[in-house]
Structures are given as structure tokens and as C-alpha cells.
Amino acid sequence: MTPPALELDGLEVGYGAVSAVRGLSLHVNEGELVGLIGPNGAGKSTTLLAIMGALPIRAGDVRLAGTSIRGRDPERIARAGVALVPEGRRIYAELTVEENLRLGLAGRRERAGADADLQAVQDLFPVTREVRHRQAGALSGGQQQQLAIARALVARPRLLLLDEPSLGLAPKIVDVVFEALAEIRRREIAVLLVEQRAQRTVALADRTYVLANGELRLVLTPADAADTDKMVAAYLS
Amino acid sequence: MSAFLASFFSDLRDPQVQIDAIGLGAVYALMAVGIGLVFGVLRLVNFAYGQLIMAGAFSLALASEWDWPAWAGIVLCFAVVLALSLAMERLVFRPLRLQSPAVMLVATFAVAFLLQSIALLWFGPLGKPAASLATLNRPVTVGDVDIRKITIVAILLSALCLLALVLMLARTSLGLQMRAAAMDFQTARLLGVRANTVIGAAVVISGLLAAVVAVILTVQFPLVTPGFALQDTIIVLAGVVVGGMNRLLSATLGGFAIGYVSGLLSGALPTDQSQYLPSFVFGLVILVLLLRPGGLFTRGAATVERV
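Here the protein sequences line up with chains Z and A, keeping their order. Numbering-wise (this note's numbering), the first sequence opens with residue -9 and increments by one. Numbering-wise (this note's numbering), the second sequence opens with residue 11 and increments by one.
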């Protein structure tokens, strides 16, 4: 049996006296799209940043396809095939759209095929081609979000981490983002999706973990998406 | 007083004074870029930049003492300045990278005075002459203006270095990564940009520029002392702050502007008043900072975070 694309094993992350994430274990198999939901402050973004090596891990382990990446620098983890679409997009407002995309190439393991991948990503998000010479800061929120996802994809990641990609977007744009996520899943990239839109995430994902107060509360399947009681209970428990 | 002002302003328009001022502005612009590049990726004001130039100048002086040909002296100067830059990065900047900007600034003060003391121990307070390139001090006559060759060399060399740097930053993927790291280092690392690569590149380019400045300044001021380039560095730092520290372009323009203004003032002030030059220059600096604290060449408000 092949090891999961991502495996968290008893993860503890935190700065001060209290850990923001406590004893979190979860896994994302190759080709799976897995959701991570929970109220504000539950530790979702903290988990993603810890996977990327941007926050210190106190205990537990992070394994990529069976190999521990705990303690590595963010750039090494990115180059090992993990791409993050960060909270708030973190687009370089003063750079052009194309320059932002090309920055994503920094995370590639090999140079070969970079141009082809750039083309393919621009096909998936045509807006990144249409306005490629414009300053990214001049784009709408929805366009910036597409650019952030596109920038992560040009790195040809094995594992894609998304931090609330639908935050602050108009409903129509949210549809675009979720369609893109479905397309990414078809490309056999393992995805860990942090979201506030619980119902939609549970319906889309192979499996959704519910996090509250830094701890895992329960695991939901797509069948639970229609079960309003269970969804509400997941948040209020 | 009015006679003084009249001669002052007519001297300002003197083409000779203008050319020399542009030459000084060009050298200071290079120094500003050297300081600004490292500041961009490390948020570190390298006060020891002048001592890199001083070390390069002493290399040229030693080479001329040993009767090395001029090219060999220049090679030695580049080698010494580059080695020293890399050592500074590895031994001081890198271990302190996560500390506050204040800690890093004080550390570079310490490095600056350490290097200056070493120079004092090795070469004494009187310094050494660097004579191999002295012929560049001879003037060429253009129309009815005498221009020292080194002034022309300084302007061309600076323009060439700045052009090469702009092309590198705009066209190469390393340049793109350096720009991104200067804007948001954390995100750049999350995208896979290697911190050590962009910092190393900034330190190396900054060192190369310091070596170029060392060559130009030793021709203009052939007596190399342990305090060589110290005052220039302080003036350039003021210029960089005046121009706007958080962007390379505004920092460079600030460096050029303060060099140009210093050049004009030193050309136009009567010789017996020239000791007041720094007072005039820094008076202007204070005035500009009071009126535009975010920088002369920046738009919008300054970000406090990027001290």
C-alpha cells in the first residue's frame, strides 16, 4: 500500500503557553481532495502553515508520501512538491500577473516542462492570460484568487494546500473557484482545502475533518452535507 | 552678503561644477544601490558598507605599493571586497537574520568599527597612497571645460552598472525572486524561493558595487586612510533615507541627489567655507525629512515596519 500524500501524526503547533493545534492526526491520499473546516480560531490556518514549515512544530510529525518533513525550511518543503494558496492570497500587488505566475515556478522540482505547465494553468484560468501584463494589485478579488491558485499550480505540486480560497468573493466567483478545485482533483493532485463554506466543502471533498479549539472533533463524508443537524452539531459541539 | 550669493549662484551654473556634481552623484547612487539591495531582502541597514569600500581601497594601495599592474590591483580589490562581503553575511547577517532591525543595525556598527580598527592596526592612521590609476585624474578639455577623466569614467561606469542591475532584476528569474523577496519575504519562501540564494545574490551584487566605488574613489582621493569612505557612507545613508528606503529606485535617486547637492555645494562654496559643507547638506536632509518623512521620491505614506 502506498503511503498517503500527506499524513499528520499527533501534530502540536503553538507559540505561547497554549498550543493552537493539539494532537491533530489526519491524512490525504494521492488524488484525494480533503476538507478541513471549523470555526474561526480553530487552528486551520495554523495547521497549513505548520505543514509548510512556517510555524514551529512542538510535537508529532508531518509526512509527505511517507517521508518526514518536520523541521525543514518553507522553501525546501515547497520544492518537495507542496504548494500553498495562502490566506488573503498574498499576491504581489506591484508585480504583473505574469511575474506572479512565474514566481510559482520557484517551487518546481525540475525546470523541464515549465512553459507547458504555465500554458496549461493559463488555460485553466484564462483571466491570468488576458491581463498578464497588468499589475496584480489592480485585479478584482476574484481574479486575484484565481491568480493565487494558478501560481500554486505552476509549481506542479504533489500536494496543494488552500486556505479559505472563497473568502470575500462574490457567489459567482465562488462557483468559479469550486469548479477549479474539482478540475484540480481530476488532475490527480492531492488537495487539503481549508474553508468556511462548510456545506459546500463537505459535499465536494472525499472526507472532511472538523477542527475546533485546535482539536479534531469529527470526520464528515459527502453524505453528511445534506444532514443539517449533523453540520450544525459539528460547529456547536 | 549679496555679492557672496551672486557668486554662489553663478558658481552653481558653472559647467565644471555641474559635471563634478553629477560625477559625485553617480558614485553615491552606486553606494545607495549597494546599501538598498541588502536592505531590500534583509531589512538590514549595513552601516559597514563604507568599510567594504575602505578595504577595497587598501587593496588597491597595497597593489600599487607592490608595483602590481593596475588590472591586478583591481582584481585584488574585487576579490577582497567580495570575500569580506560574503564573510560578513555568513558570520553576522545570517545568525542575526531573525533579530530586530535595531539589533542588526547595531551589529553592523560593531563590524564597521572592528574593520576600521583593524585597518588602523595594520596600516596606521596616516594611510597609504594608491597611485596606479592616477593618470585618470588628468583632465580632458571639452569645449572650454576641463573634465577629469575619472569623472567621465565614474558617470559611465555607474550608468552601466545600474543598467545591468535593472536588466538583471527585470529580466531574470533570480531578479524576479529578489524583487519578490524584498516585497514579502515570507510569501516568497512559501513559493519556494531560497532565502540563502536571494540574500547571497544581494550581498554579492552589493559587494561588486562597493568594489567599483572603491576603484573610483581611490582615483579621486588617492590617500587611503582607515576612515576612507566613512563620511561618504554617512551622507549616502542620509540620502537613502531622504529618497525613501523601502524602494531601490527611490533609494538610488536619494543617493544621487545627495551626491549631486554635495558636489554643487562644495563647488560653489568658497574654499575657506568648505568645512561647513556637511552642515549645509545635513541641514537640507533635516528639512526634507520634516517635510516628507516617507521619502522625497516615494508615493503615499511610509511604512513604519520597514525602518
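Keep in mind that the hints were calculated from the coordinates and are not lab data. Just so you know, these numbers come straight off a predicted model, no measurement behind them. Take these hints with a grain of salt, some might be off.
[What the hints assert, rightly or not] Quick list of simulated restraints, FRET-style, between CB atoms:
#	chain 1	residue 1	chain 2	residue 2	range
1	A	R104	Z	T57	25 to 31 Å
2	Z	V8	A	P111	26 to 32 Å
3	Z	D105	A	E75	51 to 57 Å
4	A	F123	Z	G61	57 to 63 Å
5	Z	M(-9)	A	L124	57 to 63 Å
6	A	L124	Z	D105	23 to 29 Å
7	A	G293	Z	R119	50 to 56 Å
8	A	K159	Z	R119	49 to 55 Å
9	Z	R124	A	E75	54 to 60 Å
10	Z	R62	A	A174	32 to 38 Å
[Said to hold, decoys possible] Here are a few chain Z residues that face chain A, going by a calculated C-beta distance under 8 Å:
#	residue
11	A68
12	P116
13	V117
14	V121
15	G127
16	A128
[Unchecked claim] Stretch by stretch, here's where chain Z covers chain A in the computed footprint (C-beta under 8 Å, at least three residues):
#	stretch
17	190 to 196
18	199 to 210
For each residue, glycine too, the CB sits at the ideal point set by N, CA and C.
Checked hints:
1. Taking the beta carbon of each, A/R104 and Z/T57 are about 27 Å apart, inside 25 to 31 Å as hinted.
2. Between Z/V8 and A/P111 the beta carbon distance is about 29 Å. The supplied range of 26 to 32 Å therefore holds.
3. As the Cβ distance of Z/D105 to A/E75 is approximately 54 Å, the hint placing it in 51 to 57 Å holds.
4. Between A/F123 and Z/G61, the C-beta spacing of about 37 Å breaks the proposed range 57 to 63 Å.
5. Distance hint check: the CB atoms of Z/M(-9) and A/L124 are about 59 Å apart, consistent with the given range 57 to 63 Å.
6. Checked against the hint of 23 to 29 Å, the pair A/L124 and Z/D105 fails, with Cβ atoms roughly 49 Å apart.
7. As the Cβ distance of A/G293 to Z/R119 is approximately 53 Å, the hint placing it in 50 to 56 Å holds.
8. Checked against the hint of 49 to 55 Å, the pair A/K159 and Z/R119 passes, with Cβ atoms roughly 51 Å apart.
9. Separated by about 58 Å at the C-beta atoms, Z/R124 and A/E75 satisfy the suggested range of 54 to 60 Å.
10. Checking the proposed 32 to 38 Å range against Z/R62 and A/A174 shows it holds: the Cβ atoms sit about 35 Å from each other.
11. A least Cβ separation of about 3 Å between Z/A68 and chain A falls short of the 8 Å threshold, and the interface hint therefore holds.
12. Interface hint status for Z/P116: violated, as the beta-carbon distance to the closest one in chain A is roughly 22 Å, over 8 Å.
13. For Z/V117, the interface hint is violated, since its Cβ never comes within 8 Å of a Cβ in chain A; the closest pair sits about 20 Å apart.
14. This hint is violated: Z/V121 has a C-beta 18 Å from the nearest C-beta of chain A, more than the 8 Å allowed.
15. Violation of the interface hint for Z/G127 is found here, the shortest Cβ-Cβ separation to chain A being roughly 11 Å, above the 8 Å cut-off.
16. About 15 Å separates the beta-carbon of Z/A128 from the nearest beta-carbon of chain A, more than 8 Å, and the hint is not met.
17. For a cut-off of 8 Å, the count of residues in the stretch 190 to 196 of chain A with a CB near a CB of chain Z stands at 4, and the three-residue condition holds.
18. Counting residues of the stretch 199 to 210 of chain A whose C-beta sits closer than 8 Å to any C-beta of chain Z gives 7, which meets the bar of three, so the coverage hint holds.
Consistency note: the structure conflicts with the earlier hints numbered 4, 6, 12, 13, 14, 15, 16.
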